[in-house]
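2 protein chains.
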Amino acid sequence: MSDHFPALNSAIRQHADTLLAELQEFLRIPSISTLPAHRPDAERALEFLAHSLTEIGFEHIQRIVPPQNPNGLPLLYADWMHAPGAPTVLFYGHYDVQPPDPLNEWISPPFEPTVREGSIYARGAADDKGQVYAQIKAMQVLMRTHGKLPVNVKFLIEGEEEVGGESVDAYVRANHGPLACDCVVVSDTAMFAPGVPSLDVGLRGMVYAEIEMQGAERDLHSGLYGGVAPNPFMALVRVLGGLKSPEGAILIPGFYDRVQAPSPEEQAAWKRLPFNEDEYRINEVRALALTGEAGYSVFERTWSRPTLDVHGMPGGFTGPGSKTVIPARASAKVSMRLVPQQQPSEIARLFEAAVKKLTPHGFHSQVKIHSLADPVLVDPGNRFIRAAVKSLARVFGAEPVFLRSGGSIPVVALFASELKVPIVMMGFGLPDDGLHSPNEKFALSSYYGGIGAVAQFLLELADGH
Amino acid sequence: MSDHFPALNSAIRQHADTLLAELQEFLRIPSISTLPAHRPDAERALEFLAHSLTEIGFEHIQRIVPPQNPNGLPLLYADWMHAPGAPTVLFYGHYDVQPPDPLNEWISPPFEPTVREGSIYARGAADDKGQVYAQIKAMQVLMRTHGKLPVNVKFLIEGEEEVGGESVDAYVRANHGPLACDCVVVSDTAMFAPGVPSLDVGLRGMVYAEIEMQGAERDLHSGLYGGVAPNPFMALVRVLGGLKSPEGAILIPGFYDRVQAPSPEEQAAWKRLPFNEDEYRINEVRALALTGEAGYSVFERTWSRPTLDVHGMPGGFTGPGSKTVIPARASAKVSMRLVPQQQPSEIARLFEAAVKKLTPHGFHSQVKIHSLADPVLVDPGNRFIRAAVKSLARVFGAEPVFLRSGGSIPVVALFASELKVPIVMMGFGLPDDGLHSPNEKFALSSYYGGIGAVAQFLLELADGH
Chain A
17 MSDHFPALNS AIRQHADTLL AELQEFLRIP SISTLPAHRP DAERALEFLA HSLTEIGFEH
77 IQRIVPPQNP NGLPLLYADW MHAPGAPTVL FYGHYDVQPP DPLNEWISPP FEPTVREGSI
137 YARGAADDKG QVYAQIKAMQ VLMRTHGKLP VNVKFLIEGE EEVGGESVDA YVRANHGPLA
197 CDCVVVSDTA MFAPGVPSLD VGLRGMVYAE IEMQGAERDL HSGLYGGVAP NPFMALVRVL
257 GGLKSPEGAI LIPGFYDRVQ APSPEEQAAW KRLPFNEDEY RINEVRALAL TGEAGYSVFE
317 RTWSRPTLDV HGMPGGFTGP GSKTVIPARA SAKVSMRLVP QQQPSEIARL FEAAVKKLTP
377 HGFHSQVKIH SLADPVLVDP GNRFIRAAVK SLARVFGAEP VFLRSGGSIP VVALFASELK
437 VPIVMMGFGL PDDGLHSPNE KFALSSYYGG IGAVAQFLLE LADGH
Chain B
17 MSDHFPALNS AIRQHADTLL AELQEFLRIP SISTLPAHRP DAERALEFLA HSLTEIGFEH
77 IQRIVPPQNP NGLPLLYADW MHAPGAPTVL FYGHYDVQPP DPLNEWISPP FEPTVREGSI
137 YARGAADDKG QVYAQIKAMQ VLMRTHGKLP VNVKFLIEGE EEVGGESVDA YVRANHGPLA
197 CDCVVVSDTA MFAPGVPSLD VGLRGMVYAE IEMQGAERDL HSGLYGGVAP NPFMALVRVL
257 GGLKSPEGAI LIPGFYDRVQ APSPEEQAAW KRLPFNEDEY RINEVRALAL TGEAGYSVFE
317 RTWSRPTLDV HGMPGGFTGP GSKTVIPARA SAKVSMRLVP QQQPSEIARL FEAAVKKLTP
377 HGFHSQVKIH SLADPVLVDP GNRFIRAAVK SLARVFGAEP VFLRSGGSIP VVALFASELK
437 VPIVMMGFGL PDDGLHSPNE KFALSSYYGG IGAVAQFLLE LADGH
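The listed protein sequences derive, respectively, from chains A and B. Each number in our numbering comes from the position in the first sequence (counting from 1) with 16 added on. Each number in our numbering comes from the position in the second sequence (counting from 1) with 16 added on.
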């Protein structure tokens with residue numbers, strides 16, 4: 017096997033300025049999918065990528081609007097299929113971004129990408145424009161150094177990741193044929209730390225629910241009726257207090273039945289990760305204390321243990337000052353993060369039953385399910401993961417670690433269950449990139465390293481074939 | 017003693033249409049004190065009343081902005097002091113109203129007063145514009161029938177009752193001289209039922225507090241940090257669950273120490289009130305069940321027992337749909353209604369100590385006190401109450417009952433403690449008037465009856481003198 021890396025590396029160095037300038041041009045487009053006013057910008061971001069892929073030599077470029085979601089933002093598909101006999105890799109990413117609010121907290125404007133101290137600052141820099149663009153630029157570098165790609169490549173890039181991904185869901189379910197591949201590469205995750213290349217092998221799933229609690233039929237004055245009027249906030253206090261113990265255990269009957277502990281090897285690997293709990297608490301979580309289940313490490317509590325959290329409790333009076341209303345209705349937005357092998361629809365049923373049982377006499381409660389996502393666990397014993405390990409080690413000069421992520425990426429579960437191929441979650445973000453926050457950034461070392469690692473990964477795959 | 021009532025009654029009947037049209041004009045002014053945009057409307061409402069009082073012959077009309085509250089809504093003062101040797105009665109009311117939201121639940125618009133089925137529907141109809149206007153119109157009727165008032169009369173009408181009453185508080189404390197009187201009449205309460213004239217002899221006091229709970233320093237993503245991040249909503253669930261038992265007992269140490277039970281006579285009178293608990297639950301509270309302390313009647317639970325209620329829990333995500341944020345901060349707006357002889361400042365201290373003690377490890381809580389109000393208990397054995405009883409019996413043709421109200425009218429406690437004169441709470445609202453709710457109404461029988469009762473009350477006072 018010949019060593020292609022020096023040639024790759026020198027091509028990246030030689031074109032470093034252009035690669036950065038092109039990324040800046042992409043980041044300048046405010047492709048915010050949550051705001052209808054930015055729809056034309058989102059379409060421009062798609063066109064920008066389509067143009068980049070065409071230039072590199074990709075074909076069958078399509079702007080796809082699935083019939084199930086006619087008003088959605090389009091998907092971008094493209095392929096290069098001129099490596100007969102070699103495997104086919106499907107790359108996934110998204111061109112849409114979160115809104116940039118609060119604007120006044122940005123040091124440089126969110127859509128004027130600015131390089132400071134080795135990172136590029138812009139909304140979408142790490143999530144996910146910088147990462148999907150690194151995938152594309154890896155193809156360009158390979159074309160330059162080799163005149164062709166070492167394997168067959170497909171791209172499927174969506175514009176609704178930040179708003180629920182309805183289009184990609186509909187399209188993938190209905191188009192196994194066009195998407196046929198040997199593995200899927202997703203670059204939408206982070207490395208464990210700077211200089212520690214990482215492969216994500218697990219994601220938590222999710223049930224996001226809303227408990228709607230009704231007391232009286234109409235809002236009542238707490239002076240006239242306080243003492244007899246059912247208060248839906250107090251009912252929610254009873255229900256939420258009954259769903260989770262003060263010690264952090266979730267009290268829903270059957271909730272933990274299918275929870276699978278990580279393998280001893282995985283647990284041992286987590287213990288070797290460089291980690292200082294106090295530093296994490298003080299600098300990253302920034303809290304007086306970490307909470308959660310006793311007897312489980314931080315990695316277990318955030319990666320392999322399920323959770324239950326309250327995100328908001330709409331209802332009643334929330335303005336400044338005081339109003340003495342006993343509201344007719346109040347709600348609690350509650351999410352549960354799930355781990356292998358918990359099943360979202362089963363957990364939703366158990367949750368609903370537990371809420372019903374905990375609802376105090378005199379109240380009517382209803383559970384609305386906002387979304388479900390399967391947990392994901394990747395078997396790291398396949399040649400795609402092995403090729404990823406090799407390429408990351410080569411590019412970053414350090415052995416990659418296997419991580420899980422506490423978050424949910426529904427599209428990963430979708431690819432796994434629909435296409436039934438291995439998923440490689442090779443992400444280049446860093447923990448302090450500030451996704452969804454002001455001053456989002458992407459390290460230049462992540463951008464160039466990502467380009468190199470993706471290119472090297474395809475070369476390793478072809479060699480191993 | 018000559019019977020003046022037939023003359024009064026016929027004057028009211030004769031001018032019924034004008035009396036109603038003028039009230040409608042007053043109700044049309046959206047004098048919402050909680051919304052700065054409606055400040056000019058509130059000022060217009062004051063001018064409207066000033067003009068009415070001038071027409072009747074009142075003097076020394078003043079628009080008062082106390083120096084302690086320079087940006088507050090002005091008080092209106094007026095007097096008629098031409099009955100030498102007769103007692104002086106100070107009438108209190110307020111010209112400001114609550115916001116009308118939710119607008120879409122109003123059958124007729126809140127500021128287009130509409131008569132339906134014997135009631136006038138508008139925001140402020142019963143609370144308190146219809147009642148304060150009945151007081152003023154009583155003076156007009158007396159002037160028409162007698163050419164003068166039988167006693168000396170002062171009016172003090174405020175525009176900040178719905179926003180804490182800062183101006184009236186400051187003014188009353190500093191102006192005992194100008195407000196010197198023999199009794200205060202407040203018409204801001206309700207009758208027990210249609211046809212049951214009522215005198216209110218007790219009000220609950222209040223502590224309105226906000227618990228601010230802080231977890232991490234910044235909002236965190238529930239995927240990445242769920243399992244270790246302190247969730248301030250869950251901390252509030254623990255605190256609120258610890259402040260009150262599921263059975264309705266308030267668990268704050270020392271909370272009940274000064275609670276005084278009503279006298280055996282008062283309790284016996286309450287037992288004689290016409291009352292059907294099921295009808296009250298179904299038609300008035302409109303709930304599946306009444307809540308509260310076992311072993312206490314509805315009257316005790318709403319009039320002579322203290323309460324603790326949650327009015328809103330601001331923080332986190334409260335929009336439609338889902339957002340996976342573990343917020344840094346969340347709050348709970350909590351009020352406690354107090355009964356004689358609980359002391360608001362002492363209860364506030366006990367509450368704060370209990371919250372601190374219940375705050376889970378890893379969180380920082382802070383209690384902000386929005387307002388305090390003393391409970392009030394009136395001694396019914398004075399000539400002003402006797403005159404009120406006689407006038408109500410005459411006008412409504414039924415013996416009045418002595419009630420308490422579960423609400424808090426801080427200005428009543430203020431008058432009692434500062435002016436040290438008897439308070440007559442002679443209100444004409446009905447339990448289903450919908451104060452602070454959509455479709456607020458005031459029965460026409462209450463309006464005309466109120467005019468008659470106030471006028472007759474002054475005549476009785478002069479006779480009894």
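Calculated from the structure, these hints are not laboratory results. Predicted model only: the values in this text are computed from it and were never measured. It cannot be assumed that every hint is accurate.
When chains are identical, the list treats them as one kind, so a pair holds in a single copy or across two.
What the hints assert, rightly or not - BS3-like, lysine-lysine: derived pairs with alpha carbons at most 25 Å apart:
#, residue 1, residue 2
1, K164, K339
2, K406, K384
3, K373, K384
4, K164, K287
5, K373, K287
6, K436, K384
7, K436, K287
8, K287, K372
9, K406, K373
10, K372, K436
11, K339, K384
12, K164, K384
13, K164, K372
14, K406, K436
15, K406, K372
16, K287, K339
17, K373, K436
18, K372, K339
19, K287, K384
Worksheet item: So which of the earlier hints does this model not fit?
Response: Violated hints (numbers, rising): 1, 2, 4, 5, 6, 7, 8, 9, 10, 12, 13, 15, 16, 17, 19; every other hint is consistent with the structure.
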